[in-house]
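Asker: Quick note: the sequence shown uses the numbering used here, first residue 29, plus one each step.
Since the hints were made in silico from the structure, they are not lab data. Just so you know, not all the hints are guaranteed correct.
[Claimed, not checked] Here are the computed lysine to any residue pairs in the SDA-like style, where the Cα-Cα straight-line distance is at most 25 Å:
hint : residue 1 : residue 2
1    : LYS136    : TRP205
2    : LYS148    : LEU235
3    : LYS82     : TRP46
4    : LYS250    : LYS283
5    : LYS283    : ARG306
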Amino acid sequence: MADLDGDGLDDILTGSYWPGDLYYFRGLAKGKFAAGEILKDSEGKNVSGGGTWKTQNDPDMDALAAVPCLVDHDGDGDLDLLIGNIAGRVMFIPNEGTAKKFSFDSSKRKALLAGGNPLKVHGDSGPLAADWDGDGLTDLLVGSGDGSVWWYRNAGKKGSPEYAAGAVLLAEPKGAWEKPVEHDAAPERPGVRAKVGVADWNGDGRLDLLVGDFWQQKPAPKKLTDDEKAKLAELKKRFEVLQKNYGQGDAAAQKKTQEEYTNTWQEIEKLEPRPTPRGSVWLLLRQPSKE
């Protein structure tokens, strides 16, 4: 949340996966918000972290899974835009307007650097601007698709940030994608697709880390009858054939295959339930300084 239009009320700016549009919810009085609208640039086009797509099925990967962050990046008094994306990069789009009338210039969009190289995490980047080391300069924290969280220290000056090479704040959880949590258990640490927040949670004067994540939980064990086992085996064989034929033939044949593919998968899930998607928010308190 941030006051994008300078009216003294917090607004909400959120992203989307496909095609990566940003949605602006203007803050109203008494904690209410206006209906969402797609954020437009100075030319009336949808603001995006990526460029023009080659085709509808061949997107610019910098556009997908948009995660916006508002910060006065260039120190001119208005809020600029940082956008994380599925490629793991963070894109910068300057606000060429004012603190009360924003105007984003997509033609000046560029990828951020860190340590002199393109800033890139392991996919699905989620940027957050915050002064992590308390030196008065706004740093960058970035959550990654693999579950790691990175700190990019601002080694520049106000209005002209320069980010150092990334330092790991939270390491990747090994095997998190492949190992769903038992159906009656909870994870022991954050999972993947890390999205970050900061707050001085315990009032010690230093920012602590909040991490939202994605994990999966195994379904309760299901005992199948002999007939159900036979049916499951038959369904899996049919599904293999449908996978091989997927996208083959004319439009009518492809549509029929897609329908059978979906229906067969749903029948399989009734007999062999898939893991349930879950998400948590983790609090990671800052450790006392060793100095």
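Asker: Please go over all the hints and tell whether each is borne out by the structure.
Answerer: Outcome of the hint check:
1. For the proposed pair LYS136 and TRP205, the alpha carbon gap of about 36 Å is over 25 Å, so the pair is violated.
2. For the given pair, LYS148 sits about 24 Å from LEU235 by alpha-carbon distance, which is consistent with the 25 Å threshold.
3. About 15 Å separates the Cα atoms of LYS82 and TRP46, which keeps this hinted pair within 25 Å; it holds.
4. Only pairs whose Cα atoms come within 25 Å are accepted, and LYS250 paired with LYS283 is rejected, the gap being roughly 33 Å.
5. Only pairs whose Cα atoms come within 25 Å are accepted, and LYS283 paired with ARG306 is rejected, the gap being roughly 32 Å.
Violated hints for the displayed structure, listed by number in ascending order: 1, 4 and 5.
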